[in-house]
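Student: Knowing the structure of chain A, use the given hints to seat chain B with the ligands on it.
Those protein sequences? They're chains A and B, same order as listed.
Take the first sequence: its letter number 39 is residue 38 in the numbering used here, and every next letter is one higher.
Throughout, the numbering used here is defined as the position within the second sequence, counted from one, plus 102.
Keep in mind the hints are simulated off the structure, nothing from the lab.
C-beta: ideal position from N, C-alpha, C; glycine also.
Check before you lean on any hint, since a few could be wrong.
To be verified - Covered, in the sense of this in silico footprint (three residues per stretch, anywhere, with C-beta under 8 Å from a C-beta of chain A), are these stretches of chain B:
no.: 1; region: 273-282
no.: 2; region: 359-370
no.: 3; region: 483-495
Claimed, not checked - Looking from chain B toward chain A, a few residues come up when the C-beta cut is under 10 Å (computed):
no.: 4; residue: N268
no.: 5; residue: D310
no.: 6; residue: I452
no.: 7; residue: V463
no.: 8; residue: S551
no.: 9; residue: D553
Residues per chain are reported as follows:
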Amino acid sequence: MTRVGAVAPALSAAEVAERAREIAASIGSSHGPVVAVGAQTHWEVGGPVPDLEEALVVRAPSGIVAYDPAELTITCGAGTPVAMLDATLAEAGQECPLDPADPAATVGGVLMAGLSGRRRLRWGPLRERLLEARFVTGDGRIVKGGGPTVKNVTGFDVCRLLVGSLGTLGVAVQVTLRCQPRQSVALWTVGPTGVSAADVRRRLFNPSCVASDTQGVHVLFEGHADDIDAELAVSGCTPVVAGPIGPQGPWRGRISVPVTALRAVVDGLDGLDGLDGLGALATSMVPAAGDGVTVAWLAEWGVGTVHVASLSAEGLLAARALAQAHGGWLLREAGRLGPAGPDGAGPSGVGLDDGFGVGLPDPQIQRRLKMAFDPAGRLNPGRIPL
Amino acid sequence: MDATVPDHRADRSFASPSDAELTRLVADLGVALGPDRARSDPLELALYARDAGVASGRAAAVCFPRTTAEVAAAVQTARRHGRPFLGRGSGTGLAGGATPVDDPVVIVTTQMNRVLEVDVDERFAWVEPGVLNLDLTRAVAHLGLHYAPDPSSQQACSIGGNVATNAGGPHCLLYGTTQAHVLAAEVVLPDGTVTVLGGLSPDQPGYDLRGVFVGSEGTMGIATRIAVRLMPDPPALRTLLLDFTDVDAAAATVSGIIADGLVPAALEMMDADITRMVEDFVGAGYPRDAAAVLLVEVDGLTHGVDDAIEIIRRVGTANGARTVRVAADATERNLLWKGRKSAFGAIARIAPNYYLHDTVVPRTRLVEVLRGVYAIADEQRIKVLNVFHAGDGNLHPLLVFDGREPGVMERVHAAGDAIIELSLSVGGVLSGEHGIGLEKRAYMRSQFSPDDLHVQAGMRDAFDPDGFSNPHKVLPAGSRCGDVQSLPEGVWV
Ligand SMILES: Cc1cc2nc3c(=O)[nH]c(=O)nc-3n(C[C@H](O)[C@H](O)[C@H](O)COP(=O)(O)OP(=O)(O)OC[C@H]3O[C@@H](n4cnc5c(N)ncnc54)[C@H](O)[C@@H]3O)c2cc1C
Ligand SMILES: Cc1cc2nc3c(=O)[nH]c(=O)nc-3n(C[C@H](O)[C@H](O)[C@H](O)COP(=O)(O)OP(=O)(O)OC[C@H]3O[C@@H](n4cnc5c(N)ncnc54)[C@H](O)[C@@H]3O)c2cc1C
Chain A
0 MTRVGAVAPA
10 LSAAEVAERA
20 REIAASIGSS
30 HGPVVAVGAQ
40 THWEVGGPVP
50 DLEEALVVRA
60 PSGIVAYDPA
70 ELTITCGAGT
80 PVAMLDATLA
90 EAGQECPLDP
100 ADPAATVGGV
110 LMAGLSGRRR
120 LRWGPLRERL
130 LEARFVTGDG
140 RIVKGGGPTV
150 KNVTGFDVCR
160 LLVGSLGTLG
170 VAVQVTLRCQ
180 PRQSVALWTV
190 GPTGVSAADV
200 RRRLFNPSCV
210 ASDTQGVHVL
220 FEGHADDIDA
230 ELAVSGCTPV
240 VAGPIGPQGP
250 WRGRISVPVT
260 ALRAVVDGLD
270 GLDGLDGLGA
280 LATSMVPAAG
290 DGVTVAWLAE
300 WGVGTVHVAS
310 LSAEGLLAAR
320 ALAQAHGGWL
330 LREAGRLGPA
340 GPDGAGPSGV
350 GLDDGFGVGL
360 PDPQIQRRLK
370 MAFDPAGRLN
380 PGRIPL
Chain B
103 MDATVPDHRA
113 DRSFASPSDA
123 ELTRLVADLG
133 VALGPDRARS
143 DPLELALYAR
153 DAGVASGRAA
163 AVCFPRTTAE
173 VAAAVQTARR
183 HGRPFLGRGS
193 GTGLAGGATP
203 VDDPVVIVTT
213 QMNRVLEVDV
223 DERFAWVEPG
233 VLNLDLTRAV
243 AHLGLHYAPD
253 PSSQQACSIG
263 GNVATNAGGP
273 HCLLYGTTQA
283 HVLAAEVVLP
293 DGTVTVLGGL
303 SPDQPGYDLR
313 GVFVGSEGTM
323 GIATRIAVRL
333 MPDPPALRTL
343 LLDFTDVDAA
353 AATVSGIIAD
363 GLVPAALEMM
373 DADITRMVED
383 FVGAGYPRDA
393 AAVLLVEVDG
403 LTHGVDDAIE
413 IIRRVGTANG
423 ARTVRVAADA
433 TERNLLWKGR
443 KSAFGAIARI
453 APNYYLHDTV
463 VPRTRLVEVL
473 RGVYAIADEQ
483 RIKVLNVFHA
493 GDGNLHPLLV
503 FDGREPGVME
513 RVHAAGDAII
523 ELSLSVGGVL
533 SGEHGIGLEK
543 RAYMRSQFSP
553 DDLHVQAGMR
563 DAFDPDGFSN
573 PHKVLPAGSR
583 CGDVQSLPEG
593 VWV
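Bound-form chain A, shown alone (with noise of 0.2 Å):
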């Protein structure tokens, strides 16, 4: 039943336990740190970044393991980039809106950095995609979570737990995702000007995104075209070539706030005008869509999350100080994505590099959960600090 397509290279399940099997022994065989490395796309986020001098770099196979497109589900190797993910499903009208900024990401990078992109209005959450993951522990345990349908409740949900663990608690070597049928337009629009982000989504059923930053609305639909003709009369949107500065934009920071909070956050990011770090941005910002707008910040509603820009570390600090005061946090953006602060403090500058800059919730369990797969604590060591 398995048709791989041509686009992609096909790989085999044994292959894909042959490659488990190495990467058990050379954990077993080692005492020192194990460092999952995917594209590198996401490399300093979560934590200091791993010393690869000192550790055992182990990478997850690519290709493709299975797929049939009457199950809408996908099995490939945890290093298959998203963009050879995308054109294998494209080929069947089929998507898994994984969305990362950057598609030579892998696969396994994007499970394990755990963030959504920016569709999760409409299709939910990343952690819904993950239906079974081969991976090995930290000692050496080669395992096998969830299972390879679209419905499961067998034992726990271990799938959840690796989504966003960020490499420490085992590395990833086989996954299968729940795709989706394509749907058949997708259209960036502007909402009308004088109407907040919140009015034009309560006129609408399910839009896929609906974001504002300092120059309007974005809304992004996606279904039957006449269906996107009607929902643009009742709201008022109008279609645009293209979308807010796209996940490949400036953004230095991502911050996740209660959805109820998000009001206040976006004010108070304009309020931050005044101030050094992101007052700056208004006056300074990279180009949007190639039409000379700049922005500082994209918020996206019914979501929580804000993509934050600025041109210093104080900008950055300001920012996640805002998203703190209202319940939330702010991740630093880092890696190859977009150009460096001018005083080259950039990203990583001071007072960014703790992580995820607040306390994790309820650390003994996550303590425990950590010795569980990793007892010894050697992968990853520094990421999501403990």
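Tutor: Relative to chain A, chain B with the ligands alone:
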């Protein structure tokens, strides 16, 4: 399992309490909750000896807290007396999850049944765990919202129980099971402290503890408040009934619809006997002579829904559907659904006992697996009815029998074993929605290796290092080193 395994104590057993110990326990619970809400008379205990599954056990005491603080007090009291505890909602679980083992204090949430807050703009609600699934949807219906997961037991089961079992239902095909609808849960942890797992922000720093708690079947503490997502009612909603003269054709239509690029909101199947029975019972308008019917629902915006209806009609007809009927109005639609949701009631009329199975298979394997299920039932001379969530491959073979017939239980169990074996052999899983509880613990080894089970045991221990919360559930004996087991009567392992 090697010597580096940390010292797991979570699978410990608890000795039965003496009468004197029981008396002191109940007295202390009475002090914590008020004497009328802590009980131990035999009649009351008998009511809480089992859920809707087959296994029964024995509780040391039953209590009915009304607040988070009272749940915490009940947990602390149980622990002080060295007794395990067990959270219980409505007791409609089918896997023995709420069956008391090792004389626990049963903490019942039925008096915690308020919808605390509804946020219409952000589409979520905070509810107490004892709120019944359908009551939540009723409470928000006037706002144009609903709670999507809709187990067939939705009139009776609680949101707390749904969270603990990661319950599913017909509309979970498109919208996801309970896991996708829980934003946060306030939980009394097994050590008696209170915390909130997850939250209203999209991502939490660190591990997804919320995600681990959902579906943990009461082994990681007791949920006392839950934030659930609410969904907007779809502008367009159409329900179709397809009828077939051949079960294979109906099953092929199921995978055909998905393969055609359509995920309906719901895609349910009923075979010949159950269709006839339901029709006799409620008169839902099902064809009495069909070999199988499919109940399909599509929702969303108008044009997308119209297109979806055409896809279903085309795929159904190509596979030999005799008729494709689109419900003309809400009355007809409700009647079609009433038939599906009354299936279990209808069965009670024909056989004194039934045993409902729950496995999942890849949906492209439905045709062969259904054939296999009929063959297994034939071989064991047991009647089998199939009424199930076909769209996601979630089988519910229902074995009906008369338990008074000598030797029948052996055949029922043999058939059950064979169905599980068949499901796993085609790449399926043990349970799609009812959970493992006591019922399927022993089968866990057919799906998971010792190393797989070892990390799951570690997850349980992370939340409950001393093993007080709903002991002996989910994981089979020996998931860790040195397990000692005591199981209630009626449990086969
Ligand atoms: C501010 C911010 C915004 C972001 N926005 C988005 C977004 O909108 N959408 C989105 O999807 N992502 C987003 N990301 C996440 C990020 O873009 C991707 O997830 C990233 O590309 C990961 O892929 P990679 O292959 O480059 O992983 P790497 O950078 O190589 O690794 C990331 C982490 O995962 C671990 N890891 C990698 N591979 C494995 C493996 N096989 N097993 C175990 N652990 C492994 C690494 O050890 C490391 O801790 C965002 C990140 C930040 C910081
Ligand atoms: C006729 C019938 C049809 C059914 N149809 C479906 C269906 O379509 N889909 C489906 O998924 N299930 C179905 N079920 C099974 C059952 O209704 C579900 O498992 C439901 O979620 C159980 O809820 P409850 O309140 O009855 O929980 P209970 O039976 O009381 O408990 C179930 C489990 O949850 C734990 N628990 C309960 N409350 C809490 C809490 N507050 N905190 C922590 N743990 C808790 C218990 O310890 C136990 O392990 C059906 C059952 C019947 C009898």
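Student: It remains to establish, for every hint, whether it holds in the given structure.
Tutor: The hints, checked one at a time:
1. 273-282: This one holds; 5 residues, not fewer than the three required, reach chain A with a Cβ under 8 Å.
2. 359-370: holds (count 5)
3. 483-495: It holds: at least three residues are needed, and the region 483-495 of chain B offers 3 whose Cβ sits within less than 8 Å of chain A.
4. N268: Holds: closest Cβ of chain A sits about 5 Å from B/N268, inside 10 Å.
5. D310: Holds: closest Cβ of chain A sits about 5 Å from B/D310, inside 10 Å.
6. I452: Since chain A brings no Cβ nearer than about 28 Å to B/I452, farther than 10 Å, the hint is violated.
7. V463: This interface hint holds because 7 Å falls under the 10 Å limit.
8. S551: holds (7 Å)
9. D553: holds (4 Å)
Hint 6 from the list above is the single one not met by this structure.
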